[in-house]
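> Fit chains B and C to the supplied structure of chain A, relying on the hints for placement.
Protein chains in written order, with this note's numbering: chain A, 1 to 312; chain B, 1 to 97; chain C, 1 to 114.
Mixed in with the good hints there might be a few duds.
[What the hints assert, rightly or not] Ranges of calculated distance between the beta carbons of each label pair, as one might list FRET restraints:
hint	chain 1	residue 1	chain 2	residue 2	range
1	B	5	A	105	45 to 55 Å
2	A	263	B	80	45 to 55 Å
3	A	7	C	58	20 to 30 Å
4	A	75	B	75	18 to 28 Å
Rather than coming from a laboratory, the hints here were simulated on the basis of the structure. Here the structure is a predicted model, which means the values were calculated and not measured. Even for Gly, the Cβ is constructed at its ideal location relative to N, Cα and C.
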Amino acid sequence: MTLTFIFNVVLVALLLTVATWIIVARAAFSAAVAFVAYGLLLALVWVELSAIDVALTEAAIGSGVTGMLLLGAASRLRETEATAVPAGRPLTSAVAVLCALIAAGLAAIVLFPPSIVFTLAPQAMARLPESGLGNPVAGVLFVYRAFDTLLEKVVLVLALVSVWSLAPDRFWGGVPGLHVYQQPNSVLTLLAQLLAPLGIVMGIYMFWTGANNPGGAFQGGTVLAAMWVLVMIAGLQNVPSTDRRALRYLVVLGPSIFLTIGLAGFLLANGFLAYPPGYAKPLIIVAEAALTLSIGVTLGLLTAGPPERVAR
Amino acid sequence: MTLALNIFTVLAVSAGTFFFLAGTAGLLRFPDALTRLHALTKADNLGLGLIVLGLLPLVERSFGALKLISIWLLVQLSGAIVAQLIADFVRRREPLS
Amino acid sequence: MMNAITLFGLCGPALVGLGLFGLITNPQPVRKILAFNILGSGTFLLFGVIARRGAAAGLDGDPVPQALVITGIVVAFAATAMAIALLLRLFEETGRASLNSSNPNNASETTDAS
Numbered sequence: 001m002t003l004t005f006i007f008n009v010v011l012v013a014l015l016l017t018v019a020t021w022i023i024v025a026r027a028a029f030s031a032a033v034a035f036v037a038y039g040l041l042l043a044l045v046w047v048e049l050s051a052i053d054v055a056l057t058e059a060a061i062g063s064g065v066t067g068m069l070l071l072g073a074a075s076r077l078r079e080t081e082a083t084a085v086p087a088g089r090p091l092t093s094a095v096a097v098l099c100a101l102i103a104a105g106l107a108a109i110v111l112f113p114p115s116i117v118f119t120l121a122p123q124a125m126a127r128l129p130e131s132g133l134g135n136p137v138a139g140v141l142f143v144y145r146a147f148d149t150l151l152e153k154v155v156l157v158l159a160l161v162s163v164w165s166l167a168p169d170r171f172w173g174g175v176p177g178l179h180v181y182q183q184p185n186s187v188l189t190l191l192a193q194l195l196a197p198l199g200i201v202m203g204i205y206m207f208w209t210g211a212n213n214p215g216g217a218f219q220g221g222t223v224l225a226a227m228w229v230l231v232m233i234a235g236l237q238n239v240p241s242t243d244r245r246a247l248r249y250l251v252v253l254g255p256s257i258f259l260t261i262g263l264a265g266f267l268l269a270n271g272f273l274a275y276p277p278g279y280a281k282p283l284i285i286v287a288e289a290a291l292t293l294s295i296g297v298t299l300g301l302l303t304a305g306p307p308e309r310v311a312r
Numbered sequence: 001m002t003l004a005l006n007i008f009t010v011l012a013v014s015a016g017t018f019f020f021l022a023g024t025a026g027l028l029r030f031p032d033a034l035t036r037l038h039a040l041t042k043a044d045n046l047g048l049g050l051i052v053l054g055l056l057p058l059v060e061r062s063f064g065a066l067k068l069i070s071i072w073l074l075v076q077l078s079g080a081i082v083a084q085l086i087a088d089f090v091r092r093r094e095p096l097s
Numbered sequence: 001m002m003n004a005i006t007l008f009g010l011c012g013p014a015l016v017g018l019g020l021f022g023l024i025t026n027p028q029p030v031r032k033i034l035a036f037n038i039l040g041s042g043t044f045l046l047f048g049v050i051a052r053r054g055a056a057a058g059l060d061g062d063p064v065p066q067a068l069v070i071t072g073i074v075v076a077f078a079a080t081a082m083a084i085a086l087l088l089r090l091f092e093e094t095g096r097a098s099l100n101s102s103n104p105n106n107a108s109e110t111t112d113a114s
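If we strip away everything but chain A, and leave its shape as in the complex, we get (with noise of 0.2 Å):
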């Protein structure tokens, strides 16, 4: 019974504790913000699993993009709340059942492990520093498993092109009706100037160091993508109108460039996304710099919304 395992205790009962009130919460906007402290409770868990990528990846996508777009749309859609019909008791309590049993089966999978434990770390590291990567995870996602790094990048662009879609015909290609704070050289214009430079030193710094500590493309991105909303939100930047050439072009160079690299790995190597030796590395880094400045954009796409008035 070491102190850390009753840190782990008490982190696992906190965090299931918020994710009870999440579910039973009376208000959606409670709820909501209650869902961006577990966010931050599962970054903590993920550390103490030493997935150090995931964590970042949490805390930054799940817990704080997430949480923003969960809040706002709590927020707009308050006064619904009243009349929605719960579900009936009998309903209820099959549910639980149904819930508890499931829960009951994959602790199972926990509780009664198969006695070899099969694990695929040693042939990950095995051919790593051919590539010349350092972090496991990012070899994983560039090298070995690139083809699901490419496919997810595309669902981020895909999704953008969905919430677009989802404007009125009139406003298509206009500007996102992302709610700008109204008052003119107030304390937000202070945080967006003081707080925008470091987070893009940050963000920049996070998908770097991705190489060989933890980090990457995905955690900078989002770091970069935060502070573009922050900026956009404080006034200090208008939010740019959704048929912007650059923009466009900004949001498909990442999957485009990557997609490219693995095309030429027909040429180079000997398949798709496979690379030359030696030059993994510098290929790598620009596929994944790319990426990094295009997830940036797509995610703060993504939280501005669609179009909902014309641009000018």
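Same frame as chain A, but now just chains B and C:
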């Protein structure tokens, strides 16, 4: 020397935790939003500062110490500004009599 | 034989159960999206425990499930962003944020606002 440093760490972190507890007690017990903000920002900035101070002797390289201090400064900046924004919103919604 | 990793491994299924319960029983779509995110994070936590148990070759955890979780978090965010955009558009069109279609006051003239 290390014993003295360890005692300093334990004392500083405990004092910082005490301030966090005081801030949380203020959050739970104070009647309205403005007093709660006051309790939170004062206690948490001081609490985090004491914890950072207590952790400084444990850092191996000075760069890590710089990172810890910059974390404290960033939390102060964002905490202060968020408290201002919330207080501004509360004041607009319920003007002080 | 409880150690911290098993504790986290039990927390994951508990979150899955909680999230599934909230997803099914809560009538408001925003709460369903919140519960869906909790369900997803519980599943990722299960991945994380399996990754932690696969510690070998000088690493603290198997990097392949960790990379899968990172991909999953990003895709879950993309799905959440789309779901919220759909929900807000539904609210703008019909004035209600409900998936219940048996409402007799359902506005039937929801044409494409072009």
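> Are the hints correct? Go through all of them and say.
Against the structure, the hints come out as follows:
For the pair residue 5(B) and residue 105(A), the beta carbons lie near 50 Å from each other, so the given range of 45 to 55 Å is met. With their beta carbons about 50 Å apart, residue 263(A) and residue 80(B) fall inside the hinted range of 45 to 55 Å. Taking the beta carbon of each, residue 7(A) and residue 58(C) are about 26 Å apart, inside 20 to 30 Å as hinted. Roughly 25 Å separates the CB atoms of residue 75(A) and residue 75(B), a value that falls within the hinted 18 to 28 Å.
When the structure is compared with the earlier hints, no violation turns up for any of them.
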